[in-house]
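J.: Protein chains in written order, with the numbering used here: chain A, 1237 to 1533; chain B, 2 to 347; chain C, 12 to 262.
Careful: at least some of the hints might be erroneous.
Facing chain A, from chain B, some residues (calculated, C-beta under 8 Å) [unchecked claim]: (1) 292; (2) 297; (3) 300.
Just so you know, the hints here were simulated from the structure itself, not pulled from any lab data.
Note that the coordinates shown come from a computational prediction; the quantities given were computed from them, not determined experimentally.
Where is the CB? At the ideal position from N, CA and C, for every residue including glycine.
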Amino acid sequence: MNGSAIVAALGFGIVTASILSLGAVGFTLQYGMSNVFNLAFAGVMAGAEYVALAINRSGVNIWICMALAALFGGFASLVLNKFVYMPFIRRGVKAFGMVIITLSVWTVIQYVILAIVGSTASSFRVSGSHLYVVGAIRLNGTQLIVIAIAVVLLLLLEAFLRMTLWGKAVRGAAANAPLARTSGINVARVMDVTWFISGVFAGVAGVALAMNVVSFTYTTAGGFLVVLVAAAILGGVGRPSGAMFGALIVGLATEVSAAIFNPAYKDVTAFVLLAIVLVAKPAGLFPEAVQRKEVVL
Amino acid sequence: MSNPIIYYVTLLAVYGAVYAMACAGLSLEFGVTGVINFGYIIFQAAGAYTAAVLTLGPSSSSDFQHYIGGARWPFPLPLIAAAVVGAALSAGVAVLGIRRLRSDYLAIVLLVASLIATTVATNATRLVGGAAGLALVPHPLVSLFNNNAQGVGYNVAFAVGAAVLAALCLLIVHRITESPYGRRLRALRENELAAEAQGISTFRMHLVVVMVGGAMAGLSGGILVQYISAWAPSGWFYPETFVFFTALIVGGMANNWGALLGAILVPLGIGEGVRYLPTIGSATLTTALQWIVIGLLPLVIFWFRPQGIIPERRRRFAGAPRAGTPVVDRSLVNGAELTASSRGRS
Amino acid sequence: MTLLECRQVRKAYGGLVAVDDVDLRIRAGEILGVLGPNGAGKSTLLNIVAGSVRPTAGQVLIDGVDCTGLQPHRVADRGVRRTFQVAAVYPRLTVMENLLVGLPARRGESLLSVVGSGRRWRSQEPADLRNARLLLAKFGLGQKEDLYGEELSGGERRLVEIMRATMAPLRLLLLDEPMAGVNPRMMGVIEDYIAELASRGIGIMMIEHRMESVDRICHSVTVMAQGAVIASGKFEDVRRADAVVGAYIAG
């Protein structure tokens, strides 16, 4: 084991962390708003991957495909919340039952994709890109663009949440929906916006993930959900900034451990990390202010 | 009956018994107590590996399969060990997770644990045979049947034995559910904070319940592996847990008939039944459709019949005053006459 | 004899002080009313006593034993029962089952004995049912024992919650707004019942906004505002104190 391999792994770790942070932030945004642990997030990611693939196959540049897939993810996520989850919540299904509903939806999406595209692996057509070498870190142009996209999107989100009225409404509704409602915020609208944004993040993360692993199948996004959830919980579910930090830790730790031990145990590292954190700090590294909240109507 | 039919019926009976056992345990955890154990399949798998390893004999380096802890224990010790391992592993998870996590967090963490367990079992080739798993697991007590595991007598006996054990599991769950102990479990399911205010320890009750459930899952795995004589990670991938949840949601929660009906309709009906239908399109498509149905079922049930096909029974007590009984004079309230009179009328 | 004693109990959430160095005593047989505007920290104080909120500082003594930071079920084991601000009945348990859950576990009710030797617990059931039915009749719910908790009105839920709390051998009862949402005709019954419990030597802490009830049954009151105790003593004296009047106007 030499040092340069670990440094090289740090490079991959940053790429993984970028994708992971997009996913974890999107996931946690939904949870923070609706208190729904949306396992079908992986389904939206997978859907976006195959939408991008379909467009990509007709010769469109992959980055345009990613943008379109992001839009798809946004709308899919919005529709999922508005026309599947919300009706169930209105019927009186509690947070407890919603986990099962989201798992059901995820299962359905995953296997609908299997039924349509089959189990063979697919790849995007990406134009060859230059390899950039800084010391032991070697990243290609695609990977650098992925990092840049993640940074820009996360900064945009942060700016949106902090500086715009809509962002303030999102934060207000997430903290206390009834209070937000009485202070004149249209919670339903804010919720749509939140689910749309988180779906965009799911879409981008899905396509970036598929590009990063080069060849992907209908289960790729599902497997990634494990690491994503670990990152989100690590950061204290419901907090976008915490999720970003959790993603960085998990991303780096999984890639470095893959370099040191067996790459097959990448996900195991994420889980062990999660287990340690849960034992030491049950509410995640950055505990939520509000606990035992119910699903939000 | 001809042999193939008997063989088929006993096969269905064994699978049905195994699923019923697993559903009984999960019904206690989820239906009665409200613990969302999304890693339930881990405990079945652990039981299966335990029973396999304890019957295969010591693993030697020349073997085609490698595993740790090989031994050749006589029946029924491997099955008991399977149940004990299922319970012990559940206790470990409970101690780590239940005390600390909100129930939906715990569900997700267990789901993740399930995926991770598969990853480890697949990649650690010397632990329990890696991706290929374990094969040639001996059948229990087959020497009593001229070592003919394919014979009618052995298959019928195996099916009967499995059914008896399944019935025993269902009976245990029933006794717990219908006792004051079970009433406290249901109270926990309904409202943890209120239950704790009545002196009920969430942690202790949940610990006990997942241990009982884990033992049943482990036992079911042990029986299954001794029947099919092979076990591999592909057989207990995380969605398999979801099949049991679907079974309970469809059948009806917190009652044995619901668990049994669910076990027969969902894993047995959809999972096994489909094998005997003509293949629709490719094999992949068949699998996909099967899972789509399993995924859609809870949605449909949650929407149209949230209590499942056989709903939880309303528990009435003998001697309740019924409508039509005259309103009781308050002067009688402090005397014993009240109960005597109301009992007489019901 | 002092049943409950709070010594300098404090609870701070970050910079916000919910309970500010509160001292409080309840003797056996005493009904203490805890008054104060919304957000005064009354429920937090009750939660601290019941063990569901851990105080930042201070001590809670029950029967002279330090119970600070004990888990809620451990506190309950000491004969303490509570009700919740939003009545917490079990929605899918019948009214009768709701009451029976209030009983502490007894012999023959452990997991092993319910699985192993079967129905030994049955022998106690008739007596339990009889007691529960007496209680139900007293509160006019005699014919509703088979209804699910979720099928009751808000006021009925509160009655069930109070009855459930008194099924167990009780030393100290913590009531969070027992009159809220209750049918006015039933209020008198609840008041009488609380007074009856006190006459049996049970200590009662009662958060309540309805002054008529407080006036009728409370032996003494403690008034809180912004987390701190601003007055305590007999209700007639306290209600005229300037600080109390001011707190209510401000709150």
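J.: Next step is simple, just say for each hint if it's right about the structure.
T.: Checked hints:
1. 292: holds, 4 Å
2. 297: holds, 6 Å
3. 300: Status holds, d = 5 Å.
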